[in-house]
Structures are given as structure tokens and as C-alpha cells.
Amino acid sequence: MAQAPALPTGFELPLEPRLPRIGSIDQVAIEERAGTLAKRSIKRESKVFALELAVRMTDLTTLEGADTPGKVAALASKAVRPDPSDPGIPSVAAVCVYPNLVPTAVERVRGSDVKVASVATAFPSGQSPLEAKLDEVRWVVEHGADEVDMVIDRGAFLAGRYAKVYDEIVRVKEACGDAHLKVILETGELGTYDNVRRASLLAMAAGGDFIKTSTGKLPSAATLPVALVMLEAIRDVYEETGRRVGFKPAGGIRNAKQAVQHLVLVHETVGVDWLTPDLYRFGASSLLNDILMQLRKEKTGRYQSPDYFTID
Amino acid sequence: MTELERKQDRAPIPSGWEYATAPESREIVQLRERYGHFVGGEWLEPKESYATIDPASEEPLAEIGQATDEEVGLAVSAAREAFENGWSALPGSERAKYLFRIARVLQERSREFAVLESLNGGKPIRESRDVDLPLAAAHFFYYAGWADKLEYAFPNRKPQPLGVAGQIIPWNFPLLMLAWKIAPALAAGNTVVLKPAETTPLSALLFCDVLRQAELPPGVVNIVTGDGRAGAALVKAEVDKVAFTGSTDVGKAIQRELAGTGKKLTLELGGKAANVIFDDAALDQAVEGIINGIYFNQGHVCCAGSRLLVQESIYEPVISKLKRRLQTLRVGDPLDKNTDVGAINSRAQLEKIEELVRSGEEEGAEIYQPPCRLPEKGYWFVPTVFTNVAQSYRIAQEEIFGPVLSVLTFRTPDEAVEKANNTPYGLSAGVWTEKGSRILSMAQKLRAGVIWANTYNRFDPSSPFGGYKESGFGREGGRHGLEPYLKFE
Amino acid sequence: MSRLPVRKTYKLFIGGEFPRSESGRTYEAEGQNVARASRKDVRDAVRAARGAFGKWSGMTAYNRGQVLYRIAEMMEARRAEFANFCSGPKEVERSIDRVVWYAGWADKLAQVLGSSNPVAGPYFNFTVPEPTGVVGILAPPEPALLGLVSRVAPAIVGGNSVVVVASEPHPLAAVELAEVLATADVPGGVVNILTGRLEELAPVLAGHMDVNALDVSGADGEVAELERLAAENVKRVVRGDADDQSPWEIAGFLELKTVWHPIGV
Numbered sequence: 001m002a003q004a005p006a007l008p009t010g011f012e013l014p015l016e017p018r019l020p021r022i023g024s025i026d027q028v029a030i031e032e033r034a035g036t037l038a039k040r041s042i043k044r045e046s047k048v049f050a051l052e053l054a055v056r057m058t059d060l061t062t063l064e065g066a067d068t069p070g071k072v073a074a075l076a077s078k079a080v081r082p083d084p085s086d087p088g089i090p091s092v093a094a095v096c097v098y099p100n101l102v103p104t105a106v107e108r109v110r111g112s113d114v115k116v117a118s119v120a121t122a123f124p125s126g127q128s129p130l131e132a133k134l135d136e137v138r139w140v141v142e143h144g145a146d147e148v149d150m151v152i153d154r155g156a157f158l159a160g161r162y163a164k165v166y167d168e169i170v171r172v173k174e175a176c177g178d179a180h181l182k183v184i185l186e187t188g189e190l191g192t193y194d195n196v197r198r199a200s201l202l203a204m205a206a207g208g209d210f211i212k213t214s215t216g217k218l219p220s221a222a223t224l225p226v227a228l229v230m231l232e233a234i235r236d237v238y239e240e241t242g243r244r245v246g247f248k249p250a251g252g253i254r255n256a257k258q259a260v261q262h263l264v265l266v267h268e269t270v271g272v273d274w275l276t277p278d279l280y281r282f283g284a285s286s287l288l289n290d291i292l293m294q295l296r297k298e299k300t301g302r303y304q305s306p307d308y309f310t311i312d
Numbered sequence: 001m002t003e004l005e006r007k008q009d010r011a012p013i014p015s016g017w018e019y020a021t022a023p024e025s026r027e028i029v030q031l032r033e034r035y036g037h038f039v040g041g042e043w044l045e046p047k048e049s050y051a052t053i054d055p056a057s058e059e060p061l062a063e064i065g066q067a068t069d070e071e072v073g074l075a076v077s078a079a080r081e082a083f084e085n086g087w088s089a090l091p092g093s094e095r096a097k098y099l100f101r102i103a104r105v106l107q108e109r110s111r112e113f114a115v116l117e118s119l120n121g122g123k124p125i126r127e128s129r130d131v132d133l134p135l136a137a138a139h140f141f142y143y144a145g146w147a148d149k150l151e152y153a154f155p156n157r158k159p160q161p162l163g164v165a166g167q168i169i170p171w172n173f174p175l176l177m178l179a180w181k182i183a184p185a186l187a188a189g190n191t192v193v194l195k196p197a198e199t200t201p202l203s204a205l206l207f208c209d210v211l212r213q214a215e216l217p218p219g220v221v222n223i224v225t226g227d228g229r230a231g232a233a234l235v236k237a238e239v240d241k242v243a244f245t246g247s248t249d250v251g252k253a254i255q256r257e258l259a260g261t262g263k264k265l266t267l268e269l270g271g272k273a274a275n276v277i278f279d280d281a282a283l284d285q286a287v288e289g290i291i292n293g294i295y296f297n298q299g300h301v302c303c304a305g306s307r308l309l310v311q312e313s314i315y316e317p318v319i320s321k322l323k324r325r326l327q328t329l330r331v332g333d334p335l336d337k338n339t340d341v342g343a344i345n346s347r348a349q350l351e352k353i354e355e356l357v358r359s360g361e362e363e364g365a366e367i368y369q370p371p372c373r374l375p376e377k378g379y380w381f382v383p384t385v386f387t388n389v390a391q392s393y394r395i396a397q398e399e400i401f402g403p404v405l406s407v408l409t410f411r412t413p414d415e416a417v418e419k420a421n422n423t424p425y426g427l428s429a430g431v432w433t434e435k436g437s438r439i440l441s442m443a444q445k446l447r448a449g450v451i452w453a454n455t456y457n458r459f460d461p462s463s464p465f466g467g468y469k470e471s472g473f474g475r476e477g478g479r480h481g482l483e484p485y486l487k488f489e
Numbered sequence: 001m002s003r004l005p006v007r008k009t010y011k012l013f014i015g016g017e018f019p020r021s022e023s024g025r026t027y028e029a030e031g032q033n034v035a036r037a038s039r040k041d042v043r044d045a046v047r048a049a050r051g052a053f054g055k056w057s058g059m060t061a062y063n064r065g066q067v068l069y070r071i072a073e074m075m076e077a078r079r080a081e082f083a084n085f086c087s088g089p090k091e092v093e094r095s096i097d098r099v100v101w102y103a104g105w106a107d108k109l110a111q112v113l114g115s116s117n118p119v120a121g122p123y124f125n126f127t128v129p130e131p132t133g134v135v136g137i138l139a140p141p142e143p144a145l146l147g148l149v150s151r152v153a154p155a156i157v158g159g160n161s162v163v164v165v166a167s168e169p170h171p172l173a174a175v176e177l178a179e180v181l182a183t184a185d186v187p188g189g190v191v192n193i194l195t196g197r198l199e200e201l202a203p204v205l206a207g208h209m210d211v212n213a214l215d216v217s218g219a220d221g222e223v224a225e226l227e228r229l230a231a232e233n234v235k236r237v238v239r240g241d242a243d244d245q246s247p248w249e250i251a252g253f254l255e256l257k258t259v260w261h262p263i264g265v
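If you read the sequences in order, they're chains H, E and R. Going by our numbering, the first sequence opens with residue 1, and the numbers climb by one from there. Going by our numbering, the second sequence opens with residue 1, and the numbers climb by one from there. Going by our numbering, the third sequence opens with residue 1, and the numbers climb by one from there.
Errors might be hidden in some of the hints.
Heads up, simulated EDC-like pairs for lysine to aspartate or glutamate below, C-alpha to C-alpha not over 20 Å straight-line [as the list claims (entries may be wrong)]:
| # | chain 1 | residue 1 | chain 2 | residue 2 |
| --- | --- | --- | --- | --- |
| 1 | E | K264 | R | E232 |
| 2 | E | K263 | R | E200 |
| 3 | E | K264 | R | E179 |
| 4 | E | K263 | R | D220 |
| 5 | E | K487 | R | D241 |
| 6 | E | K158 | R | D241 |
| 7 | R | K55 | E | D414 |
| 8 | H | K257 | E | E18 |
Since the hints were derived computationally from the structure, they do not count as laboratory data.
Take the sequences, apply the hints, and build the full model.
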């Protein structure tokens, strides 16, 4: 029962008859609600709690054409020990890299709890043949990636070919084996919140362990309303089936305040059960240092300078 | 196990992450020990007085004047004198500038007013800060612009001010209701005697300091305080117009009192609004709309969506989402920035809510209240949902004016309309559906002055507000809100 | 030898039909026996008006305008008869012209009285006039026809249904008008006309809980008491003029409804 699919079997059938169940999102109301939650005032010990949690939830990410083994090695060190001057600061959840750099990352985090995640499936566009995508997934898993961040085929989704999108996720999930699958919707390309909800449900139904907002390659990424839409979809799947799907906002979350706002959204939408790295991740690079600065400020009472935090 | 049973068994969200308190500072508000009446630009020492309190702590805040007939008469005379000696002859463009000034000063001092409003009224600072104050300032700003354009609002009608307007406002939005009353009255060229509610006089009294800063001529706005006796005296005094917002019973009494006098009257009275949810609605936003409809300002809202009409086919998911959402409402200190539901305004109101809720249980409705820690002192009521409510129950008929929702169901649009309209009130209604033609059809058929479609409890100075049937007559807001303060040749 | 004319029985007009008063009473006015309506006739008339309200208010404004124009056409055909029951042909002409004038307002009210409101947020917001419901009208004692038309036309053009207490001393014009209405495509119950004692009928109408507005233009000194009764269900009380012609007369019998909807994708 607990592992029943999010939607009835046969999701590959034309989706339209199911649309009433999928439901829609009112743009103005969802943005208003997200705006209200963003105004929660999180202070003192509740803020420290949130920030330390945010560190544990971070997928420290580098996804550049210029990435090198050296860059990834530095990132991995930072992931294991984010603040060398404060051993109380926990490791992050994972490092997230391109496939070529998986072996380096695996080697560098060995012995720690930090996982290695790799983007795959022709990230970020997803515009490659399915076989090529599956090969890529199998390759990263073989080379030690614990988690795979795939992209959905937005072209197929926007053309209404939902079954193609669904099948592809199912195949990728098979290719993952024991590795965890995060499904990137690239919400900035989906056009409406209705589509974000539809894609979220589709990704969960197809077996995604996480749903993730964005590649980080678009200016419009993990906004609070998008996160709220996806969290509500996760909650609905949980209510229907008892299955807990994780969530990863990625892209555009650069400072501690935003991270806390996202956590408030989680707390007040799906509840504390999701306040764990098993079910929640931040995909970010520059966020970590801002959180570290804020944490030290909370501990010392002094506002901090970036000069005291390493820029790996 | 059926799906339905399984859902109901699910445990509530554990509260693992406690938010630290985030109180807004009280220091910004400087209260005097005692206040008189503001008459002719000066403070009139009251003959009688009473204490106004903070409903969240029951601590007294200040001594307030209880206006006698004579004191009310003095205020009306001051308003008359100001009307005749200058204000009515002032060019509209000059009146406009006073109103613009008032709007600006309110914006500048908005935090101070927001804190005071929460302190004296019990409403969450989040609402007084984000709703009451911005809207109050906007109201003055909007009507300021009309003051020198009345002939465009009423072409060929030669609009003229009435004279002195007597205005009586309720305790649920003290400063905002003051703005709704005073702004159009002054824009139209009248002078004003306003009586704030007995339990929430402080923001109106602080507003007198805004008038000082705006250098409004003395007597143009006069404030007298006290309970219903002061209101009754104002209605009977030599005013040319009465504007009242409050309960339907008092509204009827005022209408009776003014019978045959020819005095102009506008009434904004009670409501028992239906919030109608169709099965194709955007559910989570509809649930948010239900929450905002009934728990906004502790349900102390005349247009509150106090009757939820859910299409039977989505009854289960709506109720389960609603209950879940209810658990995340934060009830407590009105000055805490994270509070969603504040204190009940007064002991009398709390007792009225408790009495009606008891009647709901006795009549057979099923009550749901989320687990909730309430402060020990002060007046509090847990956000409440009644299911299994029949149309005939008191909780489905009478205005509770508290955080209490009655849920009824319907099967077809016609049945929804019939049930929604089955009330002597007609202030507002809500409709939630993704189907455009159905929205317009419902908007047409619901007999109420304000229809919120896919939203609820929105207000704007440019948007006329007011009721059908026993919810009153006359409109506040917009061009239409000027008309009750004018006469025409 | 001249022919002995066949006389008319002057009856009430309720729900599109011409009943006698349920009380069986009449009173003499303008040399005729006229039905003298009772409390129960008021009740029946209000019930008929309420029954007709949905259909009449739900018609398109264009349609209502045509019905009013049709009333004018039928009045025109009976000019001679009407002239006998009022001050003469001049009053009849003015009355007909007034109905035509109001007929033209039906589909312009929303544009003149309504508004689109630029609220500070992502919402489309508009205000439209809607009829108040059932309107009780105490017709002015005189002018017998023009006074009646001046009060009834603005009330019905906006979509209200009405219960009229005709001029007590000059009721025949009202009965004549009822016969026009019965043949002028006006749905039964939209206009109901009672003849009888104002003093007896007015308080019943003013106190009736299913009447939404009261036009006291034809009331004599007892306005205060009528207004007190009207307060019982917060009736809109209209003090109009027996010879006025203005869209604001229509507005007195209208509510304003404001509709909000978010603007989003």
C-alpha cells in the first residue's frame, strides 16, 4: 500500500481524461500564499535550527563547462567540512557534478557521509535520444553516483506528449538501479503553474524519488510559488498513497533568508516529516557560504565579512 | 480499509520546528493615560470615562471618555461651525490637498498605527501592518483625488455637500473603517463627527494627531468616544447624514430613529456569506480562500465567508485539506509577526461566539478544532469548523462574527445558488471554479453586493462595497461611495 | 334612442390577472365602484411580484427595453380612454413619452451607473447595477396617470417587479394601465396594481418582509410611520417626485454589485 503508484496505473494512456483529478492552480492566489509565508519572521534559535538543517540539505553544485578535477576536488572538501574553523558545522548532503567528474567526486568524498549526485540525460536540455540518455545514467551509476538528477523532455511535455515524458522517466528510473532519482522539471520553461503541477504529478507517478525545480541554467528557477505548487503536489500524492516523494529547489537560492523561506514553505505545507535531507535538498553553490556567515553571526553576534569564508 | 477511512486516520503534522517569538515592539506607541473627546480641534475633558483594554492581556491601556448628549452636541456644533465658516467654501483642490496630506502622514506613521491597532483590537500585526494600514492610507489617497472632480463623477447634477455627517464605526477594522467614513465625507465637502467603537477608540484618537500634523482646520473632523449611548446621541443630533457600520439590529434601530426626518442614511450591516466551492476549483487555493474568508481578523468581518458550500463530489478532499490547513494556523499574541489569528475583541464577543458554538453542538453539528495552545489571559477562540450543518441550524443562519465556519454541501449549481441566497443578508459571496462561464453565471445569480470569484476578502478604495437586503444600503468605495455624502440639484 | 353603454368592472391586477378583492369590498371613486384591496390582496400581489422577479430581472436589458416600448405603443392606442381618466390628452402624451424615454434606458444603465474599478492588485473588478427585488410603490394621488407612470417606469426598467397602490382618489387611470400591461408583453406579476384605501394598504406593504424597497412618493403625512415599518427588513425607502424623469430615479431602485476576479495565467 505504502509504495503504490501516485496515480492509478495506465498513466501512459492519454492524460486528458484524468485532468480533472490533476487540478489546476490559481496564479494570483498561489503567489499571494507564497508571499505570506515568505513573511514569517524566523529568529534566534529557530533560525539556527533552520540554517544548520539547510547545510545538511545542501547539494553543493558545480555545473560549468569549465569544471575540472581540481575544482571538483575543492568542492568536495568544502562539502565534507563546510567551515574548517567550526567543526560543529555538519557536512552537506551531496555534491552535484557533471558525469565526467563523478569519479573525482566519488574519490574525494570517500569516507564521509556526503553523497555524489550527477546530472544526466543530456542535461540541461534533455534533447538527446533516449538510448543515449540511458547510457549516460548507467555510466554515472557504474562510476559510483548515489543519486541521478535527470531532466524531463520539456519539448515532449509542451507538445502534449505526456506518455513519452512518463516512459522516459520510467526507463531512467530502471537504469538508476539503487541510485536515487531526482526529476528536474525545469519549471521556468513550463509556462504555467498548472503545467508545474501536471509535470510534478507525472514525475512522481513515473517513479521519481525527488522532484526538482530547475537546472539552474535559466533565470526563472526555484521561486517560492513554484516550490509551493510542487510541495502541494507532493502532499497530495502522500495523502492519496502514503508515499513520500522528496523535493529539491535548485537555482536562484543564493542567501540564507531565501533558504529559510523555503523551509517555512516545507514546514507549513508538507510538515516536519520533510525536514530531512532524505526528503529535501537545496541545489545551490553560493548559498552555503551565506548560510555559514549567518550561522557565525548568530553565534558571535557580529555581522560577518565574506573574506573569512572559503570560496570553493 | 476504504480510502476515506485511511485519510481520516492520518496523524496531524508534528510540530518539530517551533518558531521563536517575533514580537513587534510596543515602544513605538506612546499612549496617554486618559483621552477626552476631540472637538473643534481641541481636547474636551470628558464628564464620564471608562477604561479601554488590550484584549490579548485584559490590561487597561487608557481612560476613555464616555460622551454625554451634551458633549455630542458640542461636537456637532463644532462640525456645523466648521462647515459654515470655511470648509464648505474651500475649493475642492484645497480640500484634496488636506486629504493627500492625511494619506501621507498615515503612511509615514503606519507602523505606529499598526501596533496600536493590534494592541487595542487584538488583530494580528501581520494584518494591521499589511492590510488595515495600507488600505486606510490608500482610501484617503483615492478620495483626495475626487475632491476637486465631483462634477465629473456626477455630470449635470451639480453635486453639493450635505453639511455635517455623523458616523459610527465598528471595532473590527477601527482605523480602516474611519478612513472609509471620513475620506469620502471630506472629499465631498462635509464636516464630520465620528464615534469609534467602544472597545477600540485608540487609533481614532491617535488619528487626531494626524489631523494636527496635516493642519486640518479645527472642527472639520471631530471624534467623540463611548458606547452605544454616544452613538444614539449622535444619530439624534442635528446632523444631516448618518453613516453606520455595525450590526443589523442597531442598523434597523437607526433607520427607525431617522424615519420621517429626511436625513440621509447609509448602513453597512451584517452578513452570512456563502463561499461556494465547485468540484473543478483549484483546490489548494480554494482552501486558502476559505481560510482567509473566515479566519481573517478572527472572523470579525461582516463579509466573512462563514458558510462554506462545498459540492458533494469534492467534500472529502476539501474537508481533509481544510482541517490540515487549520492545524498550521498560529493563534496567539497579536503583536507576534507570525500570528495568524489574534485575540477576540472583547469578552462580550467571546461569550457570543461561545454561545453560538454551543448551539451548533447541541443542534447536532460536528465540531472540529485543531490542537491549539491558547494564552492564559485574554480572550481567545480556537479556529473552528462545523460539519454536518443543516441550513436550519443557528450557526448556518446567524452571524457569529468569530472564527467559526459552518460547512454545508450542494449537488448542482442551482442548489448552490438557492442555498447561498437563502438568508436575509446579502453582503458578499465567494465562488470557486475554473470555469469562466460558471463564474459569471454565479456572479449574476448570487444576491450580494460583493462577489469574490476565485479570491476572498479583497478590498480596495476604488471598489464599491456594500450590501443587498438586510446587509444595508449605500456603497463605500469608488465613485459610488461619494454619492451618499452629496446632494444634487 | 341612444344605446345604454356596457359598464366596466374595475378590478385589481395581480399576477397578470384581474381578480376582485378577496375581501369582496369596493369603494366609490371617480363615479365608479372600484375594488378595495385588503391585506391579503397585498400578500398575493407581493407573492406574484416575487414570482415574476426572477424571469423579469433575468431578461436581457434589450428585451426589457422592448417590453417598455411596447407598453408605450399600447398606451398610444388607448389615448382617448386614458384622457378620460386624467387631466387630459396632454398628460397622456407626456406619460407615453415618459415610458418611451425610460424604455431607452434599459440597456444603458449598466454603462452609466456601473464602473470598471482599477484596484491595486492583479484583479479584474467591475461594478454593475442590479434590481433591488420587489418594490412597493405608493403612487402619487395626482397627476393620476403621469404620477403613476413616473414612479412605475423607473422601477421596472431596471428589472424590479412592483406592487403599486394606485391613487386613492383617481384609481381609474391605474386600472386602465393594468389593461394595457396585460396586453403589452409584460410578464404576469411584474406589475401588480391594487386599488383601495392608502391608509389601509400602505402599512401592510411597508411592513412586508418580502418587499425590498418602498417608494413613498404618494404617501401623505404618515411617512414617518411607514419608514419605521420599512426598517424592519432594511427596505430602501425612495422619496420620489410625481413628475420627474431621470436615470437617478431608476438608480433609487437598484443595487450595485461588485465582482472581483484574479488576473493570472
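- Task: Mind checking the alpha carbons of R/K55 and E/D414 for me, to see if they're no more than 20 Å apart?
- Result: 15 Å, holds
- Item | Pair hint outcome, E/K487 versus R/D241 [Cα-Cα no greater than 20 Å] | 15 Å, holds
- Query: For the pair supplied as a hint, E/K264 and R/E232, is the alpha-carbon distance within the 20 Å limit?
  - Reply: With a Cα-Cα distance of about 18 Å, the restraint between E/K264 and R/E232 holds, given a limit of 20 Å.
- Pair hint outcome, H/K257 versus E/E18 [Cα-Cα no greater than 20 Å]: 17 Å, holds
- Item | Distance restraint between E/K263 and R/D220, which requires alpha-carbon spacing of 20 Å or less | 18 Å, holds
- Item | Straight-line alpha-carbon gap E/K264 to R/E179, limit 20 Å | Violated. E/K264 to R/E179 sits at ~38 Å, over the 20 Å cutoff.
- Item | Pair hint outcome, E/K263 versus R/E200 [Cα-Cα no greater than 20 Å] | 26 Å, violated
- Task: With a cut-off of 20 Å on the C-alpha distance, tell me whether E/K158 and R/D241 pass.
- Result: Within the cut-off at roughly 18 Å; holds.
This entry does not satisfy hints 2, 3, going by the numbered hints stated previously.
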